[in-house]
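Here numbering that gives the first Met the number 0 is used: the first residue of the sequence shown is 0, the next is one more, and so on.
Watch out, some of these pointers could steer you wrong.
Unchecked claim - Each pair of labels, with its calculated beta carbon distance range:
| no. | residue 1 | residue 2 | range |
| --- | --- | --- | --- |
| 1 | Pro22 | Ala84 | 25 to 35 Å |
| 2 | Ile25 | Arg87 | 16 to 26 Å |
| 3 | Leu14 | Arg81 | 12 to 22 Å |
| 4 | Ala84 | Ala48 | 42 to 52 Å |
| 5 | Leu21 | Pro51 | 38 to 48 Å |
| 6 | Arg82 | Met54 | 37 to 47 Å |
| 7 | Ile25 | Ala86 | 48 to 58 Å |
| 8 | Asn77 | Val35 | 21 to 31 Å |
| 9 | Met32 | Ser90 | 28 to 38 Å |
| 10 | Met54 | Lys15 | 41 to 51 Å |
| 11 | Leu14 | Ser49 | 46 to 56 Å |
| 12 | Arg18 | Ser50 | 15 to 25 Å |
| 13 | Ala64 | Ser90 | 48 to 58 Å |
| 14 | Leu79 | His12 | 13 to 23 Å |
Because the hints were derived from the structure by calculation, they are not lab data.
In this text, a Cβ means the ideal position worked out from N, Cα and C, and glycines have one as well.
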Amino acid sequence: MALIGIEKARTTHWLKDNRDALPSLIALTAVAMFWVVGAIGGIRFLSDASSPMAMLTGLYIGLAAVAVSIIIATLALNDLVRRYAQARNRSEG
Numbered sequence: 000m001a002l003i004g005i006e007k008a009r010t011t012h013w014l015k016d017n018r019d020a021l022p023s024l025i026a027l028t029a030v031a032m033f034w035v036v037g038a039i040g041g042i043r044f045l046s047d048a049s050s051p052m053a054m055l056t057g058l059y060i061g062l063a064a065v066a067v068s069i070i071i072a073t074l075a076l077n078d079l080v081r082r083y084a085q086a087r088n089r090s091e092g
């Protein structure tokens, strides 16, 4: 039981120390959830398209969503790596 309290304190302490990295972590989580949902059943709505134009529009929207998710993931990862490198350089010197 005492270990549970220690782990909670460490999590809280980590969140306080890395509050600036939280938006990047949330963005990465959202992108991962988008990809999981897309892999599970995101294409299903295209089979219900009433016309070829509706299907094409859905494909373009999907392509745009994929491109935006890749950009967001790249920016978030870049931010986290930069923060990690800065923290490591501060601790070394």
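So, going through the hints one by one against the coordinates:
Between proline 22 and alanine 84 the C-beta distance comes to about 18 Å, which lies outside the given range of 25 to 35 Å. In this structure the supplied range 16 to 26 Å holds for isoleucine 25 paired with arginine 87, their Cβ-Cβ distance being about 23 Å. For the pair leucine 14 and arginine 81, the beta carbons lie near 19 Å from each other, so the given range of 12 to 22 Å is met. At about 46 Å, the beta-carbon gap between alanine 84 and alanine 48 stays in the expected band of 42 to 52 Å.
Between leucine 21 and proline 51 the Cβ separation comes to about 44 Å, which falls inside the hinted range of 38 to 48 Å. Taken as a hint, the range 37 to 47 Å holds for the pair arginine 82 and methionine 54, whose Cβ atoms sit roughly 42 Å apart. The hinted window of 48 to 58 Å between isoleucine 25 and alanine 86 is violated, with their beta carbons roughly 19 Å apart. Distance hint for asparagine 77 and valine 35: a CB-CB separation of about 22 Å, consistent with the stated range 21 to 31 Å.
For methionine 32 paired with serine 90, a C-beta distance near 33 Å keeps the hint of 28 to 38 Å intact. Taking the beta carbon of each, methionine 54 and lysine 15 are about 49 Å apart, inside 41 to 51 Å as hinted. At about 47 Å, the CB distance of leucine 14 to serine 49 agrees with the hint of 46 to 56 Å. For the pair arginine 18 and serine 50, the supplied restraint of 15 to 25 Å is violated, since their beta-carbon distance comes to about 49 Å.
Taken as a hint, the range 48 to 58 Å is violated for the pair alanine 64 and serine 90, whose Cβ atoms sit roughly 39 Å apart. Our hint of 13 to 23 Å for leucine 79 and histidine 12 holds, since their Cβ atoms are close to 18 Å apart.
Going down the numbered hints, you'll see the structure goes against 1, 7, 12, 13, while the others check out.
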